[in-house]
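J.: Residue numbers (our numbering), protein chains in the order written: chain A, 1 to 270; chain B, 1001 to 1227.
No wet-lab data here; the hints were simulated from the structure. The beta-carbon is built from N, C-alpha and C at its ideal position, and this holds for glycine as well.
Here are the simulated DSBU-like cross-link-like pairs (lysine-lysine), alpha carbons at most 35 Å apart as the crow flies: (1) Lys1042/B to Lys1062/B; (2) Lys42/A to Lys1042/B; (3) Lys1196/B to Lys1062/B; (4) Lys1196/B to Lys257/A; (5) Lys1196/B to Lys129/A; (6) Lys46/A to Lys1062/B; (7) Lys42/A to Lys1196/B; (8) Lys42/A to Lys129/A; (9) Lys1062/B to Lys45/A; (10) Lys257/A to Lys129/A; (11) Lys1042/B to Lys46/A; (12) Lys45/A to Lys129/A; (13) Lys45/A to Lys1042/B; (14) Lys1042/B to Lys129/A; (15) Lys129/A to Lys46/A; (16) Lys1062/B to Lys129/A; (17) Lys1196/B to Lys259/A; (18) Lys1062/B to Lys42/A; (19) Lys129/A to Lys259/A.
The following label-pair restraints were derived from C-beta to C-beta distances: (20) Phe85/A to Ile1147/B: 40 to 48 Å; (21) Lys45/A to Ala1038/B: 18 to 26 Å; (22) Ala1038/B to Arg38/A: 33 to 41 Å; (23) Gln1099/B to Gly135/A: 50 to 58 Å; (24) Trp1144/B to Asp101/A: 42 to 50 Å; (25) Lys257/A to Met1001/B: 39 to 47 Å; (26) Thr166/A to Asn1022/B: 31 to 39 Å; (27) Arg1198/B to Ser139/A: 19 to 27 Å; (28) Leu1134/B to Lys259/A: 39 to 47 Å; (29) Gln100/A to Ala1038/B: 39 to 47 Å; (30) Ser1109/B to Lys257/A: 53 to 61 Å; (31) Phe85/A to Asn1022/B: 12 to 20 Å; (32) Arg1017/B to Phe178/A: 33 to 41 Å; (33) Lys259/A to Ile1195/B: 33 to 41 Å.
So you can see what is in the structure, the chains are spelled out below.
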Amino acid sequence: MSWEAITTNDFIGTLLATLRDVLPIILVIFGFQYFVLRQRIKNIKKILFGLAYVILGLAFFLVGLEKALFPLGESMARQLTNPEFIYGTTQHVREFIRWQDYYWVYIFALAIGFATTIAEPALIAVSIKANSVSGGAISVWGLRGAVALGVGIGITLGSFRIVTGTPLHYYIIAGYTFVIIQTFFSPRPIVALAYDSGGVTTSTVTVPLVAALGIGLAKTIPGRNPLIDGFGLIAFASLFPIISVMGYAQLSHWRLKRKTNTNLENKSGD
Amino acid sequence: MLPIILVIGFFQFLILRQPIPNLMDILAGLLLVILGLALFIKGLEIALFPIGESMAYAFARKGNLFWLLSFAFLLGFGTTIAEPALIAVADKAASLAAQAGAIINTDESRSHYAYWLRITVALSVGSAILIGVLRILRGWPILWLIIGGYTLIVILTSFAPPEIIGIAYDSGGVTTSTITVPLVTALGIGLASSIKGRTPMIDGFGLIALASLTPIIFVMIYGMIVL
Chain A
1 MSWEAITTND
11 FIGTLLATLR
21 DVLPIILVIF
31 GFQYFVLRQR
41 IKNIKKILFG
51 LAYVILGLAF
61 FLVGLEKALF
71 PLGESMARQL
81 TNPEFIYGTT
91 QHVREFIRWQ
101 DYYWVYIFAL
111 AIGFATTIAE
121 PALIAVSIKA
131 NSVSGGAISV
141 WGLRGAVALG
151 VGIGITLGSF
161 RIVTGTPLHY
171 YIIAGYTFVI
181 IQTFFSPRPI
191 VALAYDSGGV
201 TTSTVTVPLV
211 AALGIGLAKT
221 IPGRNPLIDG
231 FGLIAFASLF
241 PIISVMGYAQ
251 LSHWRLKRKT
261 NTNLENKSGD
Chain B
1001 MLPIILVIGF
1011 FQFLILRQPI
1021 PNLMDILAGL
1031 LLVILGLALF
1041 IKGLEIALFP
1051 IGESMAYAFA
1061 RKGNLFWLLS
1071 FAFLLGFGTT
1081 IAEPALIAVA
1091 DKAASLAAQA
1101 GAIINTDESR
1111 SHYAYWLRIT
1121 VALSVGSAIL
1131 IGVLRILRGW
1141 PILWLIIGGY
1151 TLIVILTSFA
1161 PPEIIGIAYD
1171 SGGVTTSTIT
1181 VPLVTALGIG
1191 LASSIKGRTP
1201 MIDGFGLIAL
1211 ASLTPIIFVM
1221 IYGMIVL
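Input sequences plus hints: build the corresponding full structure.
T.: Dropping the structure here:
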């Protein structure tokens, strides 16, 4: 398909579909505003402009996604699992794959998970909110780092699962059992925030890229079925931040406690 | 976007030592992605977020339970249908299911499958926000809802067809993104700060957690019905 064909036909189709996608939330907000709250909307002209931005932006994004994010994710997966890259030759390819051979896949997964998350606007917003609501006990950078590390580890482990072909639900069930046990030992105020950070991190850019990476891995690694093994990376990316944020909270809680203890000891020693 | 481009560029040129295939197409696509997201977020900030947030606060204070709950449900449903990441993943899931022969491989049956997948997820997010608002009002501890939800997921996993499990688990993380998170968080924090005895830190957050949990349940049930 040529680039020109995309810009005309597909774009109009995408634009119409986008209109249909955005309509429900517009109806909800304006319907409630007029009929339930019975308030007039100020700056109606500005708002109509904003809505045009939303619809046009979404259509651009969806066309760009097909052209860039999906192909990028799949081509990275294809190249990193290429036998020629892994073994340096197309001959002597092993009959049974060893998971250790795919170490570049894991390193890439860790890097891409960390990189997509650390700059994520939704996460920055939540971190600032959490910092102010907690009265400064949670630092903005600490939370962002903890979440980004969680996503990186999650996607790495998820890639390992695709390489080995082990069932997804074992990992997820074990992960959430761990989360529940950890919850009992975490400072109360952080718990809901930690649970939220799992959902917040998986953003609009990360999701298609990571989904394409998983599907690409499942397509190229021998013996994997894309439909069964290809999904699941995003589930890992939502689970591990919960663990890392609670871990971060426990750590800073413990450090704070130790600091006050040593302070007390110093005072009594005087 | 910059960190992503750096990571991919690093691996492509230093580790793989290969040019990117279809570089021009990908660059044009990336440009569209960046431009599209910038417009989309700018538009949300101008048009939807200010009204949405002030409405969330208004409903939280007014205290008509019926309207508050209907608003909560419809807000969850409406934001999820418009969520770009979900549109992308649902299409991908449909084309994979068609290739694998789980559904008929025609344009119509693929878009039908993707569309109902999104409706299912949107219904689940709507229900999650409704339950979450009730939780804030009644002061139920979030932990028990989460434990109950995940127990249900574990049980359902053993009955659901294997083709749906991956996408079901993923849909939990996919749904809570660009539009849903700011509007829903505003509702939660608005509610918790306007009710006596609730602290925003403990009660305000937590809506997103529920909204990441219910899609898993609903999508597995959807899979049991259609596959």
